[in-house]
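**Student:** As a plain string of letters, each chain reads:
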Amino acid sequence: MKSRIFRAPEGSSTGGASEAATLSTAPAVGAHASAPLGPIKIAARDVSVFYGEKQALFDVSLEIPDKTVTALIGPSGCGKSTFLRTMNRMNDTIPGTRVTGRIEMDGEDINDRKIDPVLLRAQVGMVFQKPNPFPKSIYENVAYGPKIHGLASTKGEMDEIVQKSLKRAGLWDEVADRLHSPGTGLSGGQQQRLVIARAIAVEPEVILMDEPCSALDPIATAKIEELIDELRERYCIVIVTHSMAQAARVSQRTAFFHMGKLVETGDTEEIFTNPRERRTLDYITGRFG
Amino acid sequence: MIWIFLLLLIAFAVLAYVAGRALAVRRSRGAKSHSRPGQHGLYALSWVGAPALAMLIAASVFSTSIEQQMMRAGAPDSVAQLEPFRREAFFADARLVGAGQEARQIWPAPYAEDLPAEGRRAHRIAATLNWGGGVAALIAAVLGGLFVFTRIRPDLRARNKVEGWITGVLFACSAVAVLTTLGIIFSLVIDSLRFFSMVPITEFLFGTKWSPQIAIRADQVGSSGAFGAVPLFAGTFLIMAIAMAVAAPIGLFSAVYLSEYSGKKTRAMVKPALEVLAGVPTVVYGFFAALTVGPALRVFFNGIGDMLIGGPLNGLGIYLSLVQNQMALVAGAVMGIMLIPFVSSLSDDILNAVPQSLRDGSYAMGATKSETIKKVLLPAALPGVAGALLLAVSRAIGETMIVTMAAGLAAKLTLNPLETVTTVTVQIVTLLTGDQEFNSPKTLAAFGLGLTLFVVTLLLNIVAMRIVQAYREQYD
Ligand SMILES: Nc1ncnc2c1ncn2[C@@H]1O[C@H](COP(=O)(O)OP(=O)(O)OP(=O)(O)O)[C@@H](O)[C@H]1O
Ligand SMILES: [Mg+2]
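For the record, the sequence lines run as chains A and B. Its first residue numbered 13, the first sequence is counted upward by one per residue in this note's numbering. Its first residue numbered 251, the second sequence is counted upward by one per residue in this note's numbering.
Calculated from the structure, these hints are not laboratory results. Careful, some of the hints might be misleading.
Computed cross-link-like contacts, DSS-like style, restricted to lysine-lysine with a CA-CA straight-line distance of at most 30 Å [said to hold, decoys possible]:
1. B/625 / A/148
2. B/282 / A/148
3. B/521 / A/179
4. B/619 / B/521
Quantities reported herein were computed from a predicted structural model and do not represent experimental measurements.
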């Protein structure tokens with residue numbers, strides 16, 4: 013089954029040298045397509061996003077199950093990041109942005125006036141393309157969210173949260189003896205795991221990742237992918253990626269975007285082996301993009 | 251006269267360019283030339299222009315001393331035996347008479363009758379020197395031209411040579427700036443050394459009494475001269491501290507507002523307005539301080555004083571009711587207002603240099619705007635902001651006009667912002683304006699103060715630049 017999933021990207025021109033290296037060094041995580049999907053965590057209905065006059069997303073409707081990795085794929089500029097940002101309302105921070113439609117999380121509209129985006133973002137963590145640790149110590153980076161949201165009342169509790177988060181992010185063993193040195197002094201891959209630790213320190217329910225491995229080398233990428241697969245047990249994860257192989261390896265659901273529209277969505281295995289749409293097939297086999 | 255030569259030289263240079271170009275075209279016929287004809291032309295031009303220019307500069311530098319030598323050498327005995335300063339005064343008048351103007355002095359002395367003849371001689375000497383310089387320049391141009399025209403050949407690397415000339419000119423320009431600075435430092439140091447040979451450096455640095463008046467005649471009273479600069483440093487520090495207390499928070503917060511809160515439109519209006527404020531001449535701030543802020547504050551404090559008199563705070567009331575227009579607070583506050591645009595503009599740049607990804611990271615954690623600013627932006631920008639503040643401090647220390655107009659002249663050793671104080675810069679101005687005797691410690695004290703000020707601001711600037719620089723590198 014696995015080999016069937018990999019076949020499409022391997023035959024495609026997107027699989028460059030580094031990609032091939034990743035494939036061979038990647039641990040056997042793979043997509044457990046047969047694993048049961050959780051209940052629907054986030055449901056987007058007819059979501060459109062406008063940057064000023066320009067419309068970047070057109071009536072996107074997508075259901076994202078819990079305890080699952082959902083991959084958003086599509087050519088550059090098709091609106092993947094834009095869609096990702098609607099889910100934690102980060103578009104609110106860009107002046108002139110307008111979002112229409114409904115996005116429900118656990119059945120509640122997150123664009124409702126009652127919802128405070130600040131609290132929403134504590135529930136929906138985000139990891140960016142370029143690792144962006146704050147210019148503070150490793151400890152302070154992880155403690156940032158818990159401090160803001162008042163999750164720890166004593167130093168001991170905070171220590172515990174920091175340690176637990178770093179462990180879950182698979183970074184503890186590497187930084188345990190230098191928690192108070194600057195986070196910016198870590199390697200790129202370590203920095204990315206640090207910001208993942210920072211995101212999970214506030215116990216979110218959803219983690220959004222925007223091309224989390226595109227600035228990393230194959231080995232660091234493999235580590236993050238392994239981590240994503242572990243995190244799936246607890247969180248609902250949405251990941252934007254340009255690597256077909258990565259989407260195939262880590263995700264169970266895939267959504268293909270093109271020109272601001274959602275073209276096709278389904279089980280990853282389904283999309284990669286037997287897409288319904290011609291455009292999807294063309295994209296995953298590298299015929300355009 | 252000099253204009254004719256200059257015009258001639260320019261004509262020569264243009265001619266050299268045209269001729270060099272044409273020559274290059276002719277000589278390279280058939281062969282492939284290394285450089286383009288225009289570059290040969292420029293090369294020829296530089297060899298004609300540069301020697302002539304050098305000659306003109308040399309002539310104007312040395313002509314004064316040559317002229318003096320010649321005047322002295324040919325002077326009649328009656329003039330030659332005069333004391334030097336009388337002799338130079340006489341020559342100065344001779345030059346005026348020679349140029350057809352009135353003599354400045356009245357010459358009762360017997361040698362006055364020599365004035366017309368000496369005037370004619372001065373005129374002749376000046377004309378000779380002028381012509382000499384001009385002709386020498388022309389000759390240099392011609393020689394340079396002859397030299398260069400023999401060298402124009404297809405394989406001449408004219409392009410590289412022209413580049414070399416350009417490098418040279420640019421280097422010379424930057425050297426002027428550096429050398430001038432070095433010269434200023436040198437003269438500061440020399441004159442300061444003279445001052446410190448009259449007044450011990452320990453007295454200057456640690457003395458607490460500043461009263462630079464020195465008796466010129468023995469019978470003058472009350473002016474023995476005291477050169478303890480501590481009150482001046484204290485005054486400078488006091489005013490700087492007040493100014494920074496105003497400028498640092500307001501400047502910083504307005505920078506935060508501009509870079510994080512204001513919309514595009516507000517920013518587009520406020521930022522240029524702030525930068526215009528930075529261009530207001532300090533003398534304008536000075537009279538704003540002296541004529542508006544000073545009286546207003548005095549009325550305010552006098553009013554409070556009057557209310558307190560007779561109550562439990564009677565002493566304070568009496569003190570406040572006697573406060574004057576001129577006080578450190580006025581100068582400091584207005585100087586702070588002057589520094590606001592400086593601080594906010596620099597801090598705004600620094601805040602903008604903090605990568606957007608840090609803001610996004612913080613917002614994505616569920617931080618509010620002010621939490622993001624307080625916990626991420628300001629710590630990240632802190633070193634840079636500290637650098638900006640240090641630059642502002644060194645401007646505050648060097649500022650003169652506002653203090654002269656609003657803080658008074660009395661050198662008092664106090665940290666009370668309601669007293670009149672004086673600063674290092676203000677004392678330099680008062681020491682060097684008006685009649686002065688160049689060798690008295692009173693005048694030389696200005697150089698001692700200047701040197702101290704220079705060293706302090708230099709150190710501040712170096713530290714500030716280092717910090718700002720290190721901060722820039724952090725995100726590259
Ligand atoms: N802040 C913004 N202001 C205006 N237009 C924007 C902004 N951000 C994105 N866009 C536009 O919206 C469209 C979708 O952008 P988006 O960043 O979502 O694409 P993407 O799929 O993430 O692309 P990539 O794979 O290159 O990251 C693009 O046409 C882009 O130019
Ligand atoms: Mg993107």
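**Student:** Can the restraint linking residue 625 of chain B and residue 148 of chain A be considered satisfied, given a maximum Cα separation of 30 Å?
**Tutor:** holds (10 Å)
**Student:** Sort out whether residue 148 of chain A lies within 30 Å of residue 282 of chain B, counting only the CA atoms.
**Tutor:** violated (64 Å)
**Student:** Please verify whether residue 521 of chain B and residue 179 of chain A have alpha carbons no more than 30 Å apart.
**Tutor:** violated (47 Å)
**Student:** Against the 30 Å threshold, does the CA-CA distance of residue 619 of chain B and residue 521 of chain B hold or violate the hint?
**Tutor:** At roughly 21 Å apart (the allowed maximum being 30 Å), residue 521 of chain B and residue 619 of chain B satisfy the hint.
Hint violations for this structure: numbers 2 and 3, all remaining hints satisfied.
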